[in-house]
Amino acid sequence: MKNDEYHFKIANREALIGVGLVIFNFIWWYAFAYGMGSKDPSEYTFVFGLPAWFFYSCVVGFIVMAVLVTVIVKKFFVDIPFDEEGENK
Amino acid sequence: MNLQAIIPLFVFLVIIFAVGLWAGRSLKTSNSFLHDYFLGGRSLGGFVLAMTMTATYGSASSFIGGPGVAYNEGLGWVLLAMSQVATGYFVLMILGKKFAIVTRRYKAVTMVDFLKERYKSKWVVLFSAISIIVFLFSAMAAQWIGGARLIESLTGLSYTTALFIFALSVLIYVTIGGFRAVALTDAIQGSVMFIGTLVLLIATIIAGGGISEIMADLTAENPNLITPYGADGSLTPAYVSSFWILVGVGVVALPQIAVRAMSYKDSRSMHRALIIGTIVVGFIMLNMHLIGVFARPILPGIEVGDKVMPLIALEVMPPWLAGIVLTAPMAAIMSSVDSLLLLVSSSIVKDVYLNYIQPKASYTRVKRLSIGITAILGIIVFLMSLNPPDLIIWLNLFAFGGLEAAFIWPIIMGLYWSKGNKYGAFASMIVGVGLYVLSDTFFPQPFGLHSVVLPVVVSFVAYVLVSLGTQKRMA
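Chain order of the listed sequences is W and R. The first sequence begins at 106 in this note's numbering and counts up by one. The second sequence begins at -17 in this note's numbering and counts up by one.
Please note that a few of the clues may not be correct.
Below, in silico cross-link-like pairs of lysine to any residue (SDA-like), each with a Cα-Cα straight-line distance of 25 Å or less [claimed, not checked]:
{"#": "1", "chain 1": "R", "residue 1": "K247", "chain 2": "W", "residue 2": "A171"}
{"#": "2", "chain 1": "R", "residue 1": "K247", "chain 2": "W", "residue 2": "T175"}
{"#": "3", "chain 1": "R", "residue 1": "K289", "chain 2": "R", "residue 2": "G416"}
Calculated from the structure, these hints are not laboratory results. Computed from a predicted model, the values in this text were never measured in an experiment.
I would like the entire structure built from these sequences, with the hints used as guidance.
Pasting the structure below:
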């Protein structure tokens, strides 16, 4: 049962990381989209042909999230067994 | 008839069949049919897991309906669609290892199995099974319509014939292959989607004379198309943000997604799936919806939104390439349809029949029943889709919202809050679904939010209050 506590602690921490990531993701997405996009379209600046708000919110936002998820999973996620047999070994 | 475009599609279907048959063979030799047919024996690796999640989720709503709406609304709808990037990592992180450990311990095969063991209540189980059957049924009809539309615009066959071809192909391989076949073909289909959308996006940009040119054309037509607010300025930040619940975090509660979160082999597969899934989902969503927006200046005046994708593909590419690329949405639709089909039949066989009608049913009987019910369900959906409404995305989203309102708290709180009990779960489900149906019918956008938001919030309160209030009764 000691193993259980340890495994669940890991699971809980990783779930919280998920919540943190999603909040960060949302803020990034929202801030760029509505921060830069609420001007009149004639005042828009463009990056690679796309309106800047869209480029930063959706294109860069997606790349940032992909990198962040990769780094976090590789650095902070722990390998644990799921089966009872695995625990006895 | 466009033969050059039909041949690649046909070849694709044949390959999918072959995989279904091959996966079905390993079913025959297996000694735990239920486990294998509905869950693939918990053996999925990281890549297959990521792809099957993406493919199941990237359903007709995003592949046919989504680009259609983006075509009408402009970049604002792409912004909205990007809330789905979150599904790539959120689902697996939240349900995560705890769900994997707990469902193994419970020997759960379906999401309802988990609820049954966690809450030990007949009413929770029955209400869950019924919600799944009702809501997923409407989702399925929406998908079938999308599939038939696609074949219709590609081949020029009548809608009914197209629907018939589509239904037949799906039914054959779901009934023989089960979950493993579905997951395997999802992996192929997911890869096709990934590459297909990229090719189509590039072809569309070239046909439109480059991104700057397309943006200038859009601005000339209606400057709102390049703002985050939609064509007529009606996409408010509150409304668009509420899609983070509907198609982002709420997806945790969709049974077809949750069941995948208990099907993987080990934690390493899960880690890989997290990374691959995030990249693939975001990439496909971004490309797919951009295609819809970019298609507007090239092919103005398309009236049925669902036809934007097939028409733009045929316009900007040689027919043979269009045929290959259009296997992508076809793939998306087929893969969501078969997982839905499987899920509804697992609810009937496993959650209702085996739990409450005939717990001691023999092995062959269960097997025959599973396959038989899957087939019958398919035929009923086919009949429903014969006379379909126009924009499939709304039907589809209605079903998703209903399931999310029902299951999100019983699952998440059931995993992470030990005080949650059956009274809380049942209250939360009733309140969630009830309020959602009422809200969607009578006041569609309370406080400017999508109608799913309020039920999700209120059902959380119901779960917590009722669980706390009944602590003594449980003790």
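Consistency of the hints with the structure:
no.	hint	verdict
1	R:K247 to W:A171	holds (23 Å)
2	R:K247 to W:T175	holds (20 Å)
3	R:K289 to R:G416	violated (34 Å)
Of the numbered hints given earlier, the model fails hint 3 alone.
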